[in-house]
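Given chain B's structure and the hints, the job is docking chains Z, G, Y, H, F, W, L and E onto it.
Each chain, letter by letter, is given below.
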Amino acid sequence: MRRALGLFAFLSFIIFLLAAAISLRPFGEPPHAEMDTYFIEHAQEEASANNVVTSVVFDYRGFDTLGEATVLFTAVSGVLMALRHYGGKEK
Amino acid sequence: MNFENFFWILQILIAIALIGSSIAAIRFKNLIAAVIAMAVFSLALSVEFYVLQAPDVAIAEAGVGAGLTTAMYLLAIKNTTDEEVIE
Amino acid sequence: MMEHLPALMIAVPLFGAFTAPLFKKHYREVSIWTIIITGITVVLSLLLAKEVVTGGIMVYVFGADKPTLVLPSGYSVPIRIMFEVDAMSVFMAISATLMSFIGALYSYSHVERETGLEKYYALLMLLEVGILGMVLTGDLFNLFVFLEIAGIAGSALVGFRNYRGEASEAGIKYLMVSSVASLMVLFAVGILYGQYGNLNLAYIAKNVSFNMVDMIALGLLFTSFAMKCGAVPMHYWVPDAYTEVPAGINPPLLVATYASLYALFRVSFTLFANVVIDLARVGWIMSILGVLTMFIGVTMALVQKDVKRLMSYHAISQTGYMLLGVGVGLTVLHDPSKLAEFGRDAMAGGVFHIINHIIYKSLLLMTAGALFYVTGTRNLNEMGGLARKMPITAISFMVGAAAISGLPPFNGFASKLLIYETSYRLNPLLTVFAMVTSVLTLASFVKVFASAFLGPPLEKFENTREVPKPMIIAMVILAALCILFGLFPNLVLDKLVYPAVDALINFAQYHSWGGLA
Amino acid sequence: MTTTIIRTTTKILAPLILVFGSYIILHGHLTPGGGFQGGAVFASGLALLIVANNKEKVKELFDKVPLSQLESLGALGFLGIGALGLMGYTFLKNVIANSDFLFGAPTPKGINPGYLNTGGTLSYLNIFVGTKVLAGLTSIVLIFFLILRRERDEW
Amino acid sequence: MTPESLFMGAMILLFLSATLTMMRMLIGPTIPDRVVALDALTTTTAGAMVLYGVITEQAVIIDVALVYAVLSYIATLYIARYLVKKRVGLA
Amino acid sequence: MIEALLAILLAIGVGFNLLASIGILRFPDVYTRIHASTKCTTFGTIFIVLATVVYSIYRWLPNHDARWITIGIHSALVVIFLVLTNPVGAHAIGRAARKSGIRPYGAVIDELEGYYEL
Amino acid sequence: MSFTLTTPSGFWNPLLWLIFLVLFGIIAYLIYSRGNPSYKKNTEQIKPYLSGNPEPTKEKVQVKAGDIYWGFIEALKEYYKVLQAIHTGDMRDYILWYLGIGAIITFILIGGV
Amino acid sequence: MSLTTSFLWSLIVYLILTAGSGSVLLWSPAELVAGIVIAALIGYATRNIMDERLDYFFNPKRWVLFLIYAVGPFFYAMAKANLDVAYRVITGKIRPGIVKISPGLTRDESRTLLANSITLTPGTFTLEIDDEGNLYVHWINVPPGKEKPTPEELCGYLPKWARRIAE
Amino acid sequence: MNGSIFVNLPFIVVAVLLALGFYTIGFKRNLIKVVIGVEILEGAVNMFIVALGYVKGGYAPIYTQAPPEAAGKMVLPTPQALTLTSIVIGVAVSALMLAFAVNIYKHYGTLDVTKIRRLRG
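Chains as they are written, first to last, in the numbering used here: chain B, 281 to 371; chain Z, 463 to 549; chain G, 5 to 521; chain Y, -4 to 150; chain H, 2 to 92; chain F, 40 to 157; chain W, 3 to 115; chain L, 116 to 282; chain E, 36 to 156.
Just so you know, the hints here were simulated from the structure itself, not pulled from any lab data.
Hints may be right or wrong, so weigh each one.
[Stated by the list, open to error] Covered stretches of chain Y, going by a simulated chain B footprint (3 or more residues, C-beta under 8 angstroms):
hint, segment
1, 15 to 29
2, 44 to 57
3, 66 to 80
4, 104 to 115
5, 118 to 128
[Unchecked claim] Looking from chain Y toward chain L, a few residues come up when the C-beta cut is under 7 angstroms (computed):
hint, residue
6, -3
7, -2
8, 0
9, 9
10, 11
11, 61
12, 63
13, 144
[Stated by the list, open to error] Distance ranges between label pairs, derived from CB positions:
hint, chain 1, residue 1, chain 2, residue 2, range
14, Y, 78, L, 173, 53 to 63 angstroms
15, G, 383, W, 45, 48 to 58 angstroms
16, W, 6, G, 519, 28 to 38 angstroms
17, Y, 55, F, 93, 42 to 52 angstroms
18, W, 109, Y, 75, 33 to 43 angstroms
19, G, 461, W, 76, 29 to 39 angstroms
20, B, 317, L, 180, 50 to 60 angstroms
21, G, 70, B, 317, 19 to 29 angstroms
22, L, 140, Z, 464, 51 to 61 angstroms
23, L, 263, F, 142, 14 to 24 angstroms
24, L, 246, Z, 464, 35 to 45 angstroms
25, L, 173, Y, 55, 25 to 35 angstroms
26, Y, 107, Z, 466, 21 to 31 angstroms
The beta-carbon is built from N, C-alpha and C at its ideal position, and this holds for glycine as well.
In isolation and in its complexed conformation, chain B is listed as follows:
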């Protein structure tokens, strides 16, 4: 019962994912790329970096990278906290 219902939900969700995948614009031809063109053209003078990806990661979208570093920091704190010694409080 649970399995059948779950399978139904799963399949109906996947149909929409497939529909989205098929009806996207064709692979390899991005329609609007103003933002990325700007990055490619201006990265060398504004960020003075040859690697456009790095200049996007650390300059144009540097705030995302701060968030990424924070995520890693959070996860490390979480892992260390979850696996710490119990501190004598056993229940």
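Only chains Z, G, Y, H, F, W, L and E this time, still in chain B's reference frame:
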């Protein structure tokens, strides 16, 4: 052989590898085997990024998937148990 | 310095979080440090609110030459990440900072017997950072990043008591739910990026059309955020997480849940508001989800024996009111006469209910934490007669219970009244459900109060005393806020809630980055 | 107890991997890679040290390494570089680029062989993120290793 | 027969052989079999990556192959260390 | 001319890689498979990289473009790293297999029998 | 600052409400104070009279939380049976519910209904 | 002392990685400075891990011999090994066994070199090495009557080279 | 290959991988398998975003020692930057999940998710 055909053949091969390794990761009863399949999945994913001209992402996936994720999984399995639950 | 306020809102708690692990074993110092940092953020958020309410939408572009340089010269697309702070964001930001401060204050005593506190406080501040980033940002991918920060920090905190198996169980459930939801959000963001080549919320909202791919993206975003904010029938993680988390984290975790609700509103009101035809459909979905949420939540709460779990189900049920109120407003968004007649008030009720609910539910969960602190159990069947031992806790609990049940003159009443009256205009059946829910809420809190606080004093609780001072201060502050907001609802409504509602309704203002372009 | 082969090879390869990681971190603005990738490679090198030694040796090796402080240092450095932009510009503004400070030389436009002394704040951020990532990932692997029970872990 | 097309053909053949190796990863009766297949797969893929870098004439992207060449054996060592005591070889 | 040289080198490399995969598929037990995988893949990759190095020298000679130096040296580094690491991995996994109790198929002699006091 | 909260069909004034509350409180107290003051503390009067049976212990007098609203829950037994069957606590179900609801919502949004 | 070894080794690796970047003998000045800084840091960090003696590890004679070995005898043996494996793969004629040899090497480095060479060359790979330096080798085709081989019978001239290079 | 359904082959692969990931999360009983499912989801979404930014015949967006014809024809950099962030997040999530799994095994003695449900009702 021009670049276009070459690219699509690569895409098909990588697609086979991706789907095959992920199905393997799901189907294997032994967790170590599943983790090895995940390493192959990561390798195929990295090759896909590489072929799609994203070397930054490919290096990230390689650095994480080749050593660290496998190490983490194995240490976690070592701390728990490696047999899948009998269904 | 005023124009840098949005950046400081993130930078200050991040600084606190990054320095917290350096305190190693000095637990007192790190908790005081956290209280100071969260206090500073409260002040900053109030300053920000003053700026925004008087000066309109505030835009802060990261990495540009000056904070308001949205579009580079000669370009018509925004290229950098920006914060776009309107009244709704500020409203949520105030809730977040206030509740983090209260949580830090409460945690000072509540977890003092545990180890690993430097990481606990770091995660508390990181949770605050995640919420603040979510509510302030004007960039879709940035929203995803901060959603993940809030989710990971929250789930790590849920698993804080690692000597309990249940805590780890709840933690992995929460993490599973939040990571799957975030991944689907990322997928939807990817779809939108593929369509429009940009990630700025306002820019996408200006260009969004009505093809199938966009609707799938909207469906994914809607469902993911609905799951993260605990709408029935995707609410199962809420009681698990709220029950196992230390009571000091409950207030920020509540705000984290409602930050997802905020994101849901932002997506339906701002991102897809230009789609005229189908917004009523979204509104109806939201209202029906709201009704289901409030009814199923409250009926499940009636049969619970664990006090925190009971309150968690009430949290689900109260989320339904917000969904109902804002859903009613969304249904009539493109109908100006109805919007002026009752839509705006309905949304005001829903939004006002967010802060009201955060305040009194935090108060209630904190009293439950206080009960756990002195008795060591959360099972209602084992409690009894604690009113004489812990008078302040009992009074705080009474205030909170009265507020959540919508008794006048506490704050729950004002927002519930608005919701009743406006949802009656849309469909009377919705109101009936809302009122039944309110009655059942009162009933279940009578049960808690009777079994935990009333009755003869039991022998096993002979030596219990009132909880330490920081906890009492935290609870008293919240109880006072309950009464204050109940007596002067107009204060909050005029200063914060109606600007927030207007910010949601006037999406054209948001789409033009506050008139900058 | 590991075998002679593994021990000797680790001795030669560990510095190699660490240098390779540093290379990726430092050349983040020129070649593919950057803070996170290099940090991950660096952490893999340290994970190699963890796997090639037994528990006592690992404890001894990592006893004096201030992983937690390094992580906080990296994160705070990122924040500090970001806050440099508050002096007249906005948060995270690339203030060092084209300013003739260290890493501040301008980059010629178009295709070039790549000059190390460019990048502005990007290089600093790469280094800080790399520090942070290597400390963080290593401490994750290390904590998973250290909670292992004795009898389950032998070579 | 330009050199590029030679390299392309070689790369496709390498991937085909990698696919064959993956068969062993899928059917391999014991865990060491799968690990051996993983090792061979990684080596082959590193070679193929070098070829792709030469085909597109981009010097810098060969670093990815370097990363794989260096790091692949760490995973092998971890798995080997796991298998030593476990007696799951026959599983 | 250069095409023929490249074709020979690549053919050797690809051939040995294919041989490795066939050997991995055909051999009866894990130890013999390690023979196939380690030796043949390393040797095949050496020849493939040799081809790229030859090609990069060929392209470098006319106008001394620095990027072909990088391609050549990094390709060579790939193979050096592989030669350094591959035998160790093979040794570790073979030892682990023997220690976890897999006996060699059809062994005429097994000196390690009883060595690990199983 | 006005106390009046205007709603679509009326208004709400907490101050007015408080005044009425105090008024009715005074009235109630007046009625209460006219009662017969025969109750005295610290006498036999405070003991409950249970037909001569000994007084039960305090734990027994305490009303357990599980016993409150027993009738209500009993009346809605069928409803609760379904509801508690849904709350399995299995983390896979959480995701499956998400998938199902996502499919339904997307279906409605695309225009199926 | 060991600091110098690890420093030099790190520097060499870094310089190989960045070759071709500039005009000062293939390297640009910035790369050289960065290389020295990084080599100092890594060398300091790994001074206890890489406990090689300087005069042993950086003996030019050893390196020249090693290069000759790698290009000449080793490569030849490897080619032979591969043809051998190819033959086995195609025909399927195998007669495997695990044999023990005692090459009598004393240093860890020489043992490792020999073991790795054995792994990559004819029909053999090292399974186990014990404290006395005895190698347990899986031999894919044990000739009849050679179940207790001498090192020369198993792998020809490799032990001689290993002794010459690393002892 | 133009014109057929295979022009969107990477996207279809992404959808299939998403399906496999959701299947793993929804129907497998082992906790580590569930974590593996989440990782498959991460990989699928990452691949989707990178595939969005590909331009036919483009070169990697790096100017260092690039071939001369690369200057005007680079793939879009933004999706790659997004994917980098997403990969880090994936690692973080997996690590935390594994830590929780270890804790759960320590207290429950099993990794079967149908037995890990003390919290229900």
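Would you list, in rising numerical order, the hints stated earlier that this structure does not obey? 2, 6, 11, 12, 13, 14, 15, 18, 22, 24
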